[in-house]
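The lines below spell out each chain.
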Amino acid sequence: MGRLRAKGKAGAAKAYVTRTSAIKKLQCSLADFRRLCILKGIFPREPRSRKRANKGSSAPTSFYYAKDIAYLAHEPVLKKLREHKAFAKKLSRALGRGEWSDAKSLEDNKPVYRLDHIIKERYPTFIDAVRDIDDALCMVFLFASLPSNARLPPSLIENCSRLAAEWQLYVMHTRALRKTFLSIKGIYYQAEVMDQTVTWLVPYQFTQSIPADVDVRVMLTFLELYQTLLGFVYFKLYTDSGLVYPPPLDVKKDEGGAGVGAFSLQSTSQSAPSAPPKVRAVQIEGRTISGKDVRQAIKSMAGVDSEVDGDVDMQNPDSNPMEVDEEFVPQPSTSDPHSAASLTTLKALAALPQSLTTSLFSPYSFYLSRETPRPIFEFIVRSFGGRIGWPASSGSGSPFEESDESITHVIIDRPVVERADESSEERERRLRRKYVQPQWVVDCINAGKILLEEPYTQGKTLPPHLSPFGEYEGAYDPALGLTGQTAQESESEDEDVVIPEADEEEGEGQLAEKTALRAAADANDAASLRAAELAAEVAGVDYGTFEKEVRKSRKKSKAAPEDGAEEGEQDMNKMMMSNKQKKLYEKMKYSQKKKASERETLEEKKQLLQKQKRREAKAG
Amino acid sequence: MAAKRKQPSRDEDPRTEATTFRAPVETLEMLSDDEGPEEDAASDDGQVDEFPEIDAASDSEAEDEVDEEGSDEEDFEEEDSDDSLDRDIFPKPKTIISDITGQPKRVYPEIEPDYDSDSSTEDAPNRVGDVPMHWYDDLPHVGYDMDGKKVLRPARGDELDKFLQTVEDPSAWTSAFDKTAQMDRPLSAEELDIIRRLYANEVPDAGYDPYEPMTEFFTGKGKEEVMPLSAAPEPKRRWVPSKWEKQKVMKIVRAIRQGRIIPSKPKTASKLEFYAIWSEPSTSHAPPLPAPKPRLPTNSESYNPPEEYLPTEAERAEWEALDPEDREHDYLPKKHSALRLVPAYDRFIKERFNRQLDLYLAPRIQRVKLNIDPSTLIPKLPSPQSLKPFPNYKSLKFTHSGRARCISISPDGAWVISGDENGIVSLWEVNVGREVKRWKFEGKIGALEWCPRTDVSYFVVGIEEALHFVIPPNLSSTVLLLTQSVLAPTTLPPAPETPSPVKWVTPPTSSWSPDTAILTVQLPQSSGLPKQIAWHRRGDYMATVSSGGTQGGVWMHQITRRHSQAPFKKIRGAVQLVLFHPLKPHFFVATQQYVRIYNLSEQKLLKTLTPGIKWISSMDVHPSGDHLIVGGYDRKLCWFDLELSDKPYKILRYHTRAIRSLAFHPTYPLFASSSDDGAIQVFHSRVYNDLMTDPLIVPLKILRGHTVKEGLGVLQVKWCARQPWLVSGGADGTVGLWCS
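Protein sequences, first through last, are from chains A and B.
Using the working numbering, you'd call the opening residue of the first sequence number -14 and step up by one each time.
Using the working numbering, you'd call the opening residue of the second sequence number 427 and step up by one each time.
Think of the hints as simulated: they come from the structure by calculation, not from any bench.
Warning: the hint list may mix true and false statements.
[Said to hold, decoys possible] Straight-line Cα separation of at most 20 angstroms, SDA-like style, residue types lysine to any residue; simulated pairs: (1) B:Lys1010 <-> B:Arg998; (2) A:Lys567 <-> B:Asp1060; (3) A:Lys565 <-> B:Glu751; (4) B:Lys776 <-> A:Pro132.
Looking at chain A on its own, in the form it has when it is part of the complex (with noise of 0.2 angstroms):
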């Protein structure tokens, strides 16, 4: 016997600690434990014994891993959290007596913590921070969408929508994005960068309210983490592809409603001349420098190249296809050798072998109808390498205008209507381009390839969207129809439909093939089955339907008895399974009927949509 052990001296009730227990060695209040918990990802542990971890207690708790809030005990978010509470005393009663100066003074030197430590901490690799970003990208894109009011200062919303705008800058000139889902809940947009995908979703451009249910301070702590991480991954993502990193704004272009075309990629090159160094330089200049510092300078610098104003990135999209994939903000301009060389550094930085799904819309220049929301396919438009241009209702900094000679799509959402004023060369203009609706260019991404247009047309019943990201393995694929058993069994039934009045047409002979055929169904051995053949001839049933019926009968007779003598012995043994994996087993088998049963419904609604569709055809 081993040596006697006191209770709750070791194991579960050692490395557990509730969260009343937490908070009060942690010295701090609910909500800054909420908070620090956010900041920190630490969460809840589910003990394997709650007894055992909570003294013998059963009540519901929440257990933390002790060694966590033991972490947290030392955790200069804490300290930073309990100066902020002296702080705020310190001001209140500043504030109270009606001393002004000290209390600006105070707000001054307001305590502030930091949070890139946390980030270090909790995403030691730049990989394990591109795969958890997907979280903090649906957030920022939400909140760039929320109008602000007292719990969202301005300040926050415009920081948000330039993290979303810096993204999809990133995306498309990486060209990294994959997939695109339109769903009733927004777009659903999948990217891979750096052989992570990463999924996000934005809300269709209405304006959101927060519903009263939602407790705004746990959103806004997310929000805090999750603008830091952005921040520190698009540096990286940034500087790693030769950009400089935050990408300088043009006021102007953003008051215009330009959306991401205000911002402007800049190659790194361009300010440093080696690499190493670049990096050091990059993180010195965007301490120190404003991003407007920046476009000045390097204003100076490409004042040698005549007529370029500030953007390194633009090329001439005619010269050649493989510019157009390079090519970022398309504007017609002359092409000269300056930026011919800097787009074969770009190249070189970029170093990205890209398959020819990346440059699927580089061929073709679409136009936006002012009814589609232009931040979409812009994005999508722009990220597989089109050119895209929009009317001045959606916002400025269109590339081209409408009568451009270049545009090949229209993407357009509105019903078809005549119009009787005409010119000639409008409708000229409208018969040498294609119109398509907006899920065209979405099907055409996710199929990876460019699918005809004729479908899609203005004004035609769209064939359904899909998920590109697939379902479960064995779901119902509604792209491939009915699978074989119900097929065949839908067709049996049609048989079935057909046969009698056959039979009343045919009476006698029938009866004879009947025989026959059951003869056939019935043969077992070879010497049967050809006896049986013979009978069928002679009854005048001919080869095919002979085959099949014979193929059909011993399907079904090796179906029934053998499965029948399995199914039994399994029973049987199933008696012989411990307890453990008698629960394991049903719940396995349950959840595979299930799956079956949701396809057979699935399954059931098209055949009934299908009978229903041919009986129209039919009526009609």
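Starting from the known structure of chain A, arrange chain B on it as the hints suggest.
Chain B in isolation, oriented as in the chain A frame:
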């Protein structure tokens, strides 16, 4: 009042202030005194009327009039003298021209501060003091005067006089009864005024002005103090620069010079600058587990899904009826014909929020996802086809009128006896199912058992409180003779020294017939129905378990000695079953929850097995004696390896209702169980001599054919000794023979 008389520009002695304040206080005292004599009151009248007027005048004159210290002193004297003259009236001032200022001033008569000056003790002839006057109610006098003479009660008229007086005297309504004088006294003018004021809710004091303008004594314009309060010289610290302040300032100056304090720091702290955070090597810490990614959207979430994904009306209603937490999907698929028609998703923020709650509030468990085919979980066992023979069809059916509760098969396996609840015992042949003989007993048949000896042939029938030994018909003469000699020997063995409550009765030889029992063992009174009869393999000993009685209802009977004894003095729990070990002198006793193994030769407990069954219903021991199966009413079947453990080696639960009976085949590796669900389960049970190899149990066949009647199914199963055949008796009254 007096204060108002002060000239604002003049410094005043506080002492004068105090004295001047006293005058009104005194008047107040006088006014409150209601003891004035009536003759005075009458003479006072005119002056009293004047009094408030003087008061008012003094108010209005307050600012013009000037007082002087000297005249104030006169004031006092005059007042006093005046007071002594006409007692309780306010002294009348005289207005004279001051010889100092040349202004007219009022001079009051000086007060003479002698003993008589107090007017309150002036007259009152009655000197009894403040005693309750009802003490004098019965006396002719009302008190005593200063000289100790009685003051006689004034004459008081009757009510009529009183009334006439009130009519005649005009001042009667302003007079009140004076208790000390025991007569009516008219109220003075001041008193009347006080009453009037009280009625009018005014301050009773006529001289009090509630709205006096504020008098500024020390503050206000022109009254600032110019002289210092203290004559101490100005301290040095008031004009020498502070040393400590200088030190503090110098500290800051030094800090600024050294650059520790930046005077105008730019406020850029709020903006976090980004840098290459991942350029430094990371710590050796393992990264925390990444949070699980949210589910990716499926086809049904599309804005334009295939039509089969759209919910029907029933599905929609079902979805809406569910709680939001119970819903499988948090959305209903919807089809929009164009992208421009897609509305905003109303639960977008809510869903984001829920995701965040999951991230920081939900406990995370890392689970290994089992991606296996469930059929691999089913153990691989040899096919039943390879384990033949075993019974798999019903070849015979024998019908009883009541529930066929007990069955026994002769040791040679050719005959079956079956007993039912109506007291009928039938003997029939296994091969053809023909009934050979039928016995009728009183009451239910509780148990039936054939003696295992092969040289003799008889069976025991247990009915209420008795065991009948019956010899079947058609025996060969040698066997019959031997049987008779065993059961009814000519010389009875000697009676045991201790008398037993169990009686062994043999009817006389003349009355022997095939229909009656050759030997009857009468169990003690109220022992109830023998539930079970268990034979020792030699056929000499027999154990019975009765439903009632003392000592657990267990009796051990020895045929040769015609003797019965109770093996247990007392036993814990109700005994359900007993069994003899097939090889060793061991005895199994199953109580409700435990199985105990006793060594009969050493008379001690060997082992207690705990099957974990709530209520044991059946038990059988393997022919090798090393394995035991125990079945319970809670559907469990436990296989014990007696060499291994006290705990079951395997627990099987496959019957849907209570297990009723279990039986090992004596020669074939088979066992069967029957249950109230009407099914009989046949198992292959191979036991190895090698201790390391676990016994192999393979389910072979489920035999169905008995119907469930009143919740009871198959009540007993028994194996034929030499064939893999099974006989089963059911609650539906049928006894079936199952052949291979």
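Taking the hints in turn, this is what the structure says about them:
Straight-line distance between C-alpha atoms of B:Lys1010 and B:Arg998 comes to about 24 angstroms, which puts the hinted pair past the 20 angstroms bound. Proposed proximity of A:Lys567 and B:Asp1060 is supported: the alpha carbons are some 18 angstroms apart, at most 20 angstroms. Restraint check for A:Lys565 and B:Glu751: not satisfied, since their Cα atoms lie roughly 28 angstroms apart, outside the 20 angstroms limit. A threshold of 20 angstroms between alpha carbons decides the hint, and for B:Lys776 with A:Pro132 the separation of about 16 angstroms falls inside it, so the pair holds.
Of the numbered hints listed earlier, those contradicted by the structure are 1, 3.
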